[in-house]
Each structure stands twice: as C-alpha cells, then as structure tokens.
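**Q** Chain order of the listed sequences is A and B. Just so we're aligned, residue 41 is where the first sequence starts under the numbering used here, counting upward by one. Just so we're aligned, residue 1191 is where the second sequence starts under the numbering used here, counting upward by one.
It should be emphasised that the hints constitute simulated quantities derived from the structure, not laboratory data. Because the structure is a prediction, the values reported are computed rather than measured. Hints are not guaranteed to be accurate.
What the hints assert, rightly or not - Footprint (simulated), chain A over chain B, 3 or more residues, beta carbon under 8 Å:
1) 1197-1209
2) 1276-1287
3) 1306-1316
Glycine is no exception: its CB is placed at the ideal position from the N, C-alpha and C atoms.
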Amino acid sequence: MTAEGTEALAPRILEYLAGRLPGARELALEDVQRIAVGWSHETWLFDLTWREGGAAHRRGFCLRRDPGNALLRHLSSLADQFRVLQCLEKTPLPAPAPYWFESDPAVLDAPFLVMEKMPGRCPSPWGRDGRAFYAAAAKRGTLPASFTATLATLHTLDWRAAGLDFLGVPAPGTDFARREIAKWRELIAVSERPPEPILTDLIAWLEANAPASDRVTLVHGAYRTGNLLIHDDRISAVLDWELQVLGDPMYDVAYVLSDLNREDTPLLSNLVEREAFYRDYEAATGLTIDEEACRYYDALYTMRSAAFWMSASGLYATGRSDDLRLARTAWSVPVVLERAARELGY
Amino acid sequence: MTHAELLRRIAQTLKQGVGPAIEAEYPKTQAFMAAVILQKLGRELELEGAHRAAEATDLDALLDDLRGLLRAGETPGGVTAAVEGVARARDAAALCALIEMLYASRAELGAARFDALLGRVRQTLRASIDRRLDSAG
Chain A
41 MTAEGTEALA PRILEYLAGR LPGARELALE DVQRIAVGWS HETWLFDLTW REGGAAHRRG
101 FCLRRDPGNA LLRHLSSLAD QFRVLQCLEK TPLPAPAPYW FESDPAVLDA PFLVMEKMPG
161 RCPSPWGRDG RAFYAAAAKR GTLPASFTAT LATLHTLDWR AAGLDFLGVP APGTDFARRE
221 IAKWRELIAV SERPPEPILT DLIAWLEANA PASDRVTLVH GAYRTGNLLI HDDRISAVLD
281 WELQVLGDPM YDVAYVLSDL NREDTPLLSN LVEREAFYRD YEAATGLTID EEACRYYDAL
341 YTMRSAAFWM SASGLYATGR SDDLRLARTA WSVPVVLERA ARELGY
Chain B
1191 MTHAELLRRI AQTLKQGVGP AIEAEYPKTQ AFMAAVILQK LGRELELEGA HRAAEATDLD
1251 ALLDDLRGLL RAGETPGGVT AAVEGVARAR DAAALCALIE MLYASRAELG AARFDALLGR
1311 VRQTLRASID RRLDSAG
C-alpha cells in the first residue's frame, strides 16, 4: 500500500468510526501512519479527536486489515484475533483492548479490526538500531525480567475461564505436536512450491518423534522481541496474535531459547541471559523447562520457517502478490533446509 | 557479456541508480529487492551447469550404493520400488517418496538398515543443499 493508499483510506476510516461513535461530533484523524510490521496484515496507527457532551476527546487506535493475499492468509483470521483479544481483556496479560471487528468488505475493501493503540515502541531486533536498543536494555536488567515475567503470565493465565478453549484443546499425548505438524504441512501443500526432500525427511522425523505432553496453556506461538510492545523499560503489551494455540508451553519456551531469534549474541531474543530466563521462568510458573521437548519444538520451528518461506515465495510465484519481498524469500528456503539438515545430524 | 553478467549489471543499476532516485518507501524497497533477486539469479545461472553435473553424478553414486545396501538383506518391496522410482524419475519428488517409504518401512528394515539407507540418502542431500547455499549466497 502506498502513501496515496493511506490518504484514500483515511476518510473511509473516519466514516466508519463516526458510525461507531454516534454521540461524537467534529471527528478528525491525526497522525495516520501505516506501519511496516509483519507480512500477514496491513496495520495503521492513528489518533481520533472528537467532541462529545461539550468535551474534547482524543484516543489512539490501531487498525489491522486483511489484505486477502498475504502470508498465513488461511491460518490467521482477524475474527479469531479479535476474539482472542476479547478473551485476554479478562486476564492479567497486557494486550491491546479490542474495539470493533468488521467483516463486511464493503467498508474498507476487506475485513478489519480496530483496537487500542497502546503507548510504547516495538524495535525490530533484526536492525542495528534495534539490536543496540535491546543490548542496552539487557544491561539495565528491567526489560529482560519483564520479558520473562510476561511469558510466565501468559503460561499461567486461566485460559478456560477466559474463554480461549475455542482455539481447540489438544488431547493428552502427542496430539499437540501432531496438530502443529498438520497445520504447517497444509501451508506447505498450498504453497505450490516444488517438493523438498530434506523437508520430507524433517517432517517424517517430527512425526516419528512427537513428544507426549499433558501440559496445556495458552501458547503465543511467536513470543520474541519485535512482537512485544515496550514502555518505560517494561513489556506494555503482547502483540501479533496470529499463531496462538492451546498446547505445550515448552513450544513458546523453545522459541525463546532458539537461535532463530537472536543475532550475534548469546542473549535470548537479543535480550535475556539464558540462566536468568531459566531461573525466573521456572520460579514464576512452577514448570520445569523440558530441554528435550524444546529441542524437538526447535526442529518443528524449522519446519514452520520452511513453510513460511515456501508460502511467501509461492504467493509471488503464483501471481497472488506483487510484493518482491515475498519473491526474495525463495532464497530463504535453502537456508532453513540447511538448518533442518544440521538438526537431523547431516 | 554472459546472461549472469548482464543480470549483475541490471542489479547494480537498480541498486545504485533507480533505488536512490525513488522517494516513496515501498517502491524504493521493491527496487532494492529486485536488485537482490537479480544478483541471486545471476549467481545461480553462473553455477547452474556445474551444479547440474554434480547432482547427476551424486545421484548415480546414490543409486549404486542404495542398490548395494538393498542386496545385503531382505528388503520390503516398497523400498526397492521407491529406489527404482528415483532411478527412473531422477527428481526431488521421487527422492521424497523414497524417504517417506524408508520411514514407513522402518520396523521391517530394522534400525541398522534404516539408518544405513537413510544415512546414504542424507549424504546426497547434504551435498545438494551445500550447492544450493552456494547459489543462494
């Protein structure tokens, strides 16, 4: 979406909000910006000002729209994201408050949701500035502790009382791992990319070695710096509710431990010392980190990464997207396959 | 000028001439991405002949070794058929089918033969992925 696209969209957003706030007068949008986060949905931030009952109001909003052709399109529904945020409102986990979900594509050409714009920033851990930000925060120590404490809150919240069981409750045993394998296998199938023998080997290995687990918690699915909003040196909100499931919390722990999420540093997610993470996470959750399960899930993340990149490059190759960033990911596939080969011992 | 050199030149033009002249962030990123992709395609074109020959040689060696391993003991018919499938098709899909058949026949093959057969396939896949990384780099 270009700058012109944002300009054209702003009056339509305003019209929608006017309908949602019937008592509001003199509505105006300020500081409208499309932010470049993720490849699965388009995201805009803006402030709305209006007068109501003789008083002036100002509130920040975040709008996410489903472009219909992006990464994870058929695995990540905005309706589900909205429902998850509604459920999380009743829990201690910091997350944006959901305001409205609109499924009618006539309003903004595609379904979208509107949620609270929370204070804070979300530096990308992949850029030089972001790495410097997290390195400095690591030295201060407050943000790393908040990172671990927030994950512990996520894993100890009462998901059943919050109504999150609509996500699907895995049966005890290997059901959780098998569900994840099936999900990413489906994404690979719809990507229409050529078959990859190393990936076939990895999937067969994952199926043959699925760990049994009777631990069931809410699992974010992508808990790392870059998906967490930071304010006053603490995590102010957990973002990117696209991959969440109910299942083994070690799936999130494995993601934190994974070298997929750090560059040129031993700090987990570019932020947390490994020893401190183990100590604080186990103390806060009462869970013992299962290293064998984490190693398995790390291999599962390799499969997921391959599925992401095959899907992304497939979107471009089949003409469903014109975004050359997606075409570029075709060369990320062999990098991930090489990681799989190493994990399988060759 | 070879096709690979031509692609590298175009990539350089996109990166140093076209990209910097674009103000809007999205098309600027697209120009840069186009340059990166053309560079990678150029590298692939450059190495394509050598890599194709190496793949063929490796596949012949793999088939020889697998047939030798199969002769060493009683083998499920599905595994033998999958190996001959690779010999006929000589492609990734046939290799995938062989890997799936090995896992499906693991109990019948026994751990040692399974490891030997899959290990030999993996040796070929390792060489292949190293070549692809060389191109992708």
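**Q** Identify every previously stated hint that the structure contradicts and give their numbers, smallest first.
**A** Structure breaks hint 1 only.
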